[in-house]
Amino acid sequence: MRGITTPVTKIRRQVFTEIARLAYEDGDYSRIEEIPYAIIPGESASYRDSVFKERAIVGERLRLAVGLPLRPVDQHAPVSQGINDSAIADMFYEPPLINVISFACNACEETSYTVTDLCRSCIAHPCTAVCPVKAVSIVNGRSFIDKSKCVKCGRCAQACPYTAIVKSERPCAAACGVNAIESDEYGRAKINYDKCVSCGQCLVSCPFSAIADKSQIFQLIQAIKRGDEVIAEVAPAFVGQFGPLASPEKVRAALRKIGFEHIYEVARGADIGAVEEAEEYIKNVPTGKLPFLATSCCPSWIMMAKQQFPEIAHCISDSMTPMVATARIIKEKHPNARVVFIGPCASKKLEAMRADIRSDVDFVITFEELMGIFQANGIEFSDLQDDTGFNHGATSSGRGYGIAGGVAKAVADCIHELAPDLEVKTDHAEGLVECKKMLTLAKLGKRDGYLLEGMACPGGCVGGAGTLTSIPKAIKAGQDFAAQSEFKISTQDETVFEKLGKYTKK
Amino acid sequence: MKKVEVKVCVCTACVMNGSVEIMESVESLRHLREQMEDDDMIQEKRELIVTTDKCLGGVSHEADSPMVEVNGKVFSKADSESVMSYIIDCFKEEE
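Residue numbers (the working numbering), protein chains in the order written: chain A, 32 to 537; chain B, 9 to 103.
Chain A on its own, in the form it takes in the complex (with noise of 0.2 Å):
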């Protein structure tokens, strides 16, 4: 769904935007009692069967949006049962980060091969045929498939000259690529957490919008009126996210007007990144001390290779991230500041919850929640001047960290610059199931001396849980914005150099 405007997208975003506006008020926030009858007005139910369900639905997803936890469904409790403790200029944050609103989940049906009328009771029928189970037989004149003996290997669907068997998954469990989505004892979606690596996307691929994420923008507007100084770094990713009239110099000019004071590029913390691991590899993987090197950008696949593929950990370059970076680089200049990392991830909120990176990033919102900010502060980039703070900006090489095949393509490019003999293998795969694969060949040898790049969203961070712009317009926009850099790789920006090994150590 991802680039259709669904029902489920307009209320996500709304709970964004009314959420925001409640924080902008002072004292009791009470009122949040009032803000599902305002995103479902009238009397009738209009996705579900009862319009009181759809209400409570929305109480939940008001309350992830404050940060506050879930509300047992068989106690009472109001939507805004600890809302006031919530109402902090801190980060407010208990796990689980991604949560499955157990009683707006339609339970839908595990994994299954169906027979559909398509079916045309064919004499060949190779259905049968080709199940090693027996589980396909001829049952009334037409194929038929016995569930308890399935054992889903696809071939009958693959066989049938009609098409006419198919293969229905859980949206939830077939956007996640390490199988975390299991079910409750109602047959409704439950996340395993030892297993969910918190990319996202099952809060954006569930059609029943029964997934949803704490966000802090309550906390961060809580700084904002508190009168912090508050700084953004802006992950490359945000080019093109908000709208054709949103430049990157109205999306500067917008970040200033909400209260931010400085505006960050999360590519400059990326420029330096790639300097680091293209001087890791040249060390360690020509000189055999390592037989690859994996890049460390994106937390949600850096936790499914530590997770799975335990033996070749030590091969994932130990390089904080981009946000780290950045942020470490604004607290020195700005030790007061409270520094707010705005990006597509879902993962990235979990990632500045780690010990040793809190004091480093304060909040951590989405595109998606900023744009509800912006909405709620009656921004409108039209009438906004340009902010050209951009100038004199990050690399070509930092600003494509947000595209699939971006990072390898930028670490690779340093290490033709400081090893112009070397030759570098690169390799990159975008979603989980495709980065398990690569890492399965990585095991078996099968990529020695190359650079692995990960993505956990398909596209790259342009296609992660909260962006708000369609993949293919996104990379667009993206590569237009690092078209205009003045250095093209990051090794030809000498500043990068001071600041190398200083910033991104643990």
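If you are wondering where the hints come from, they were derived from the structure by calculation, not from laboratory data.
Computed from a predicted structure; not experimentally measured.
Take the hints with a grain of salt, since some may be wrong.
[To be verified] Chain B regions said to be covered by chain A (calculated; three or more residues, Cβ under 8 Å):
#, segment
1, 12-21
2, 57-69
[Stated by the list, open to error] Here are the simulated DSS-like cross-link-like pairs (lysine-lysine), alpha carbons at most 25 Å apart as the crow flies:
#, chain 1, residue 1, chain 2, residue 2
3, B, Lys81, B, Lys10
4, B, Lys81, B, Lys100
5, A, Lys440, A, Lys530
6, A, Lys320, A, Lys467
7, A, Lys41, B, Lys15
8, A, Lys456, A, Lys477
9, B, Lys15, A, Lys504
10, A, Lys364, A, Lys288
11, A, Lys226, A, Lys183
12, A, Lys536, A, Lys320
13, A, Lys530, A, Lys364
14, B, Lys85, A, Lys504
15, B, Lys15, A, Lys507
16, B, Lys11, B, Lys100
17, B, Lys85, A, Lys41
18, A, Lys288, A, Lys362
19, B, Lys85, A, Lys84
20, A, Lys364, A, Lys533
21, A, Lys337, A, Lys474
22, B, Lys81, A, Lys41
23, A, Lys178, A, Lys198
C-beta atoms are modelled at their ideal positions from N, C-alpha and C, and glycine is treated no differently.
Keeping the supplied structure of chain A fixed, place chain B upon it in accordance with the hints.
For chain B alone, kept in the frame of chain A given last:
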């Protein structure tokens, strides 16, 4: 050639409610129009012009977003399906 002029509002509220996606679905009709012409479903060639126009020259309109105008007809709380089908009707319309 007769024109079908589509104006899409791209104010903050409209972008939040999917006006960019509506614009993409309208753009996708160029290809469909060629196919329909080949199949003789459209008799007369039409030119499709898509522009963005903040708030269609009017005032802000959060409750009505997204807003789209097709040959002077204004769609409030527009959705892709209504806008596309109206444009296809405009393609088919005879003199």
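| Going straight from one Cα to the other, do Lys364 of chain A and Lys533 of chain A come out at no more than 25 Å? | Distance ~14 Å between Lys364 of chain A and Lys533 of chain A Cα, so the pair holds.
| message | Can you confirm whether the C-alpha distance between Lys226 of chain A and Lys183 of chain A stays at or below 25 Å? | response | holds (22 Å)
| Within 25 Å, alpha carbon to alpha carbon, are Lys81 of chain B and Lys41 of chain A? | holds (24 Å)
| Agreement of Lys536 of chain A and Lys320 of chain A with the hint, judged by alpha carbon distance not exceeding 25 Å | Holds, because 20 Å separates the two Cα atoms, which is no more than 25 Å.
| message | Quick check: do three or more residues in the segment 57-69 of chain B have a beta carbon closer than 8 Å to a beta carbon of chain A? | response | Three-residue rule met by the segment 57-69 of chain B, so holds; n is 3.
| task | Could you grab the alpha-carbon distance between Lys288 of chain A and Lys362 of chain A and see if it respects the 25 Å cut-off? | result | holds (22 Å)
| message | For a C-alpha distance cap of 25 Å, please report whether Lys85 of chain B and Lys504 of chain A respect it. | response | At roughly 23 Å apart (the allowed maximum being 25 Å), Lys504 of chain A and Lys85 of chain B satisfy the hint.
| Proposed proximity, Lys477 of chain A with Lys456 of chain A (alpha carbon, max 25 Å) | holds (12 Å)
| Is the hinted pair Lys15 of chain B and Lys507 of chain A satisfied, with a Cα-Cα distance of at most 25 Å? | OK: Lys15 of chain B and Lys507 of chain A at ~22 Å, within 25 Å.
| message | Please verify whether Lys364 of chain A and Lys288 of chain A have alpha carbons no more than 25 Å apart. | response | holds (22 Å)
| Is Lys11 of chain B within 25 Å of Lys100 of chain B, Cα to Cα? | At roughly 12 Å apart (the allowed maximum being 25 Å), Lys100 of chain B and Lys11 of chain B satisfy the hint.
| query | Does Lys364 of chain A lie within 25 Å of Lys530 of chain A when you go C-alpha to C-alpha? | reply | holds (13 Å)
Going down the numbered hints, you'll see the structure goes against none, and every one checks out.
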